[in-house]
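Sequences listed follow chains R and E, in order. Sequence positions in the first sequence follow numbering that gives the first Met the number 0 and run 0 to 287. Sequence positions in the second sequence follow numbering that gives the first Met the number 0 and run 0 to 262.
It is worth saying that the hints were derived from the structure and are not from the lab. As the structure is a prediction and not an experimental result, all values here were calculated from the model. Incorrect hints may appear among the rest.
Heads up, incomplete: computed chain E residues facing chain R, CB under 8 Å, no partners named [stated by the list, open to error]:
| # | residue |
| --- | --- |
| 1 | T123 |
| 2 | T127 |
| 3 | K179 |
| 4 | M182 |
| 5 | G185 |
| 6 | A211 |
| 7 | A215 |
| 8 | A219 |
Note that beta-carbon positions come from the ideal geometry of N, C-alpha and C, so glycine has one too.
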Amino acid sequence: MPIALENVSYTYAPGTPWEHVALSEVTVRIEDGDFLGIVGPTGSGKSTLVQHMNGLLFPSDGRVVVDGDEVGSDRKALRDLRRKVGMVFQYPEHQLFEETVWADIAFGPKNLDLDEEEIARRVRWASESVGLPEDILERSPFELSGGQMRRVAIAGVLAMQGSVLILDEPTSGLDPRGRASLVEQLRALNQAGMTMVMVSHSMEDMALLVNRIVVLSEGRVALAGTKREVFTQLEALETLSLDVPRVTQVMLRLRGEGVPVPLDVMTVNEGIDALAAALRGEKDHASQ
Amino acid sequence: MLRNSVTIGQYLPGNSLVHRLDPRTKILGVLGYVVILFLIRDFAGYGMMAVITVLTAAVARLPLKMLVRGLRPVLFIIVLTVTLNAVMTPGELLWSVGPFGVTREGLFQAAIMACRLLLLIITTSMLTLTTAPIDLTDGLEYLMGPFRRIGVPAHELAMMMTIALRFIPTLLDEAERIMKAQMARGADFQSGGFIQRAKNMVPLLVPLFVSAFRRADDLALAMEARCYRGGEGRSRFKILKLGPSDLAAGLVMITGFFAALVV
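Whole structure, please, built from the sequences with the hints as guidance.
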């Protein structure tokens with residue numbers, strides 16, 4: 000189910016003193032199975048952009064096409080769209096409301112009018128996908144830790160079993176271990192065929208997860224391409240005051256010291272390999 | 000956005016003469032205005048009051064659209080009051096539909112009420128449009144000061160208002176976000192009968208209350224961490240001072256009110 004945003008512009012509160020252009024002429028295309036990352040400074044329009052993907056906002060100008068159909072205000076079509084495109088907002092744990100974790104995760108499937116058995120199956124699947132232990136399901140979501148609440152909220156969206164999942168800053172505020180396991184679980188979901196879109200400030204998460212990146216700046220697409228293409232455009236990223244992954248920074252410093260390492264290194268393992276290759280090369284050179 | 004549909008209590012930053020007036024002058028002015036509005040009962044008087052309102056709006060450079068938009072949420076109340084007054088007042092019958100009859104006195108009464116309500120709402124919204132919430136509550140605290148002797152907790156009331164005003168936009172934004180999040184999970188806030196719709200609000204209201212209490216806790220902690228302990232002995236960053244323009248504005252207002260009373 001490809002999602003295409005074509006020349007999308009969005010203005011908040013048009014015609015009032017608070018008028019604010021959040022997006023201008025943004026074109027983004029998401030293919031099936033993609034893992035798209037969206038980065039940009041605060042206020043660059045990332046959250047506004049992703050809300051167009053499941054019809055929570057409609058473009059002031061331009062159009063959004065999902066699976067060949069233009070997103071409009073038809074209520075039935077919108078329901079269908081929101082069921083196919085799941086959306087995890089920033090701090091999703093703030094949307095929990097049910098008495099038990101089970102009931103909260105089941106809220107979405109229940110709105111789809113599924114039978115009890117299917118709902119139970121989906122709640123189990125969703126809570127396993129985010130690593131929630133079985134005994135938590137009967138507890139109140141309000142007595143859990145922040146990290147567990149986050150998982151419950153994400154499971155609540157997963158239980159809709161859409162084919163696309165949008166996540167706005169899913170790892171912010173988690174401790175390092177919680178972050179690492181969530182990243183793993185998101186990767187697994189994507190490998191199982193789910194199309195993913197992630198907004199994040201964390202370049203490390205981007206390096207580990209996504210394959211393509213769109214960089215937004217003041218509501219416009221500043222850079223776009225594969226993760227390697229984007230993370231090697233260091234000057235452009237610097238002018239937008241965005242970082243590159245730490246491993247890439249290390250490679251950059253090594254380059255500066257005269258060690259011949261490649262720059263398109265994103266993860267720790269790639270970094271180790273690149274460094275080993277470079278050191279081996281140097282040794283060969285020395286022994287000649 | 001949700002917050003843009005709520006204009007009551009909104010502040011429109013500016014630097015006009017009206018914006019720069021002392022909040023106390025503006026509060027007393029509006030208070031006087033409202034009293035006069037209920038004292039007069041003839042259209043020439045209301046015309047005079049309307050002139051005051053329009054002139055003030057012009058000096059404050061408030062766009063007419065803003066003022067009219069502020070009327071939208073109370074339109075229903077105005078229509079209801081006018082209809083009830085027209086139908087319920089006994090007197091000389093003009094025309095009737097079934098058991099309901101419109102009387103001459105009723106029409107007069109309805110027109111009076113409409114004028115009062117329209118001017119009342121427009122003028123009071125002008126007070127909040129031209130006065131920053133902080134200035135407004137500061138002014139109120141000063142004005143309530145004399146009543147402290149008879150046990151009115153002036154500072155506490157002002158602080159409560161400040162906090163309430165400060166959190167209106169925050170909570171509206173929060174409500175909008177939670178609403179969207181639940182809509183993304185298939186929640187429906189628009190269809191169904193009254194009871195169904197009330198039930199559908201639970202997924203919005205529970206998280207909203209939880210977050211309001213969390214915010215209240217955080218705020219209380221932050222205030223206590225900075226040694227807040229109420230109004231006793233508290234110094235001020237901003238001291239209100241009446242200036243020549245306040246005197247002028249006061250004179251203009253009193254003349255206007257007097258004119259409205261006598262015409």
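Comparing the hints with the structure gives:
Against a cut-off of 8 Å between C-beta atoms, the interface hint on T123/E is violated, since the closest Cβ of chain R lies about 20 Å away. Because the smallest distance between the Cβ of T127/E and any Cβ of chain R comes to about 15 Å, over 8 Å, the interface hint for this residue is violated. Evaluation of the K179/E hint against chain R yields a held restraint, the C-beta minimum of about 5 Å falling below 8 Å. The beta carbon of M182/E comes within 7 Å of a beta carbon in chain R, closer than 8 Å, and the hint placing it at the interface holds.
Contact between G185/E and chain R, as hinted, is supported at the beta carbon level, the nearest pair being about 3 Å apart and thus within 8 Å. A hinted interface residue such as A211/E counts as satisfied when its beta carbon comes closer than 8 Å to some beta carbon of chain R; here the least separation is about 11 Å, so the hint is violated. The beta carbon of A215/E comes no nearer than 15 Å to any beta carbon in chain R, farther than 8 Å, and the hint placing it at the interface is violated. About 19 Å separates the beta-carbon of A219/E from the nearest beta-carbon of chain R, more than 8 Å, and the hint is not met.
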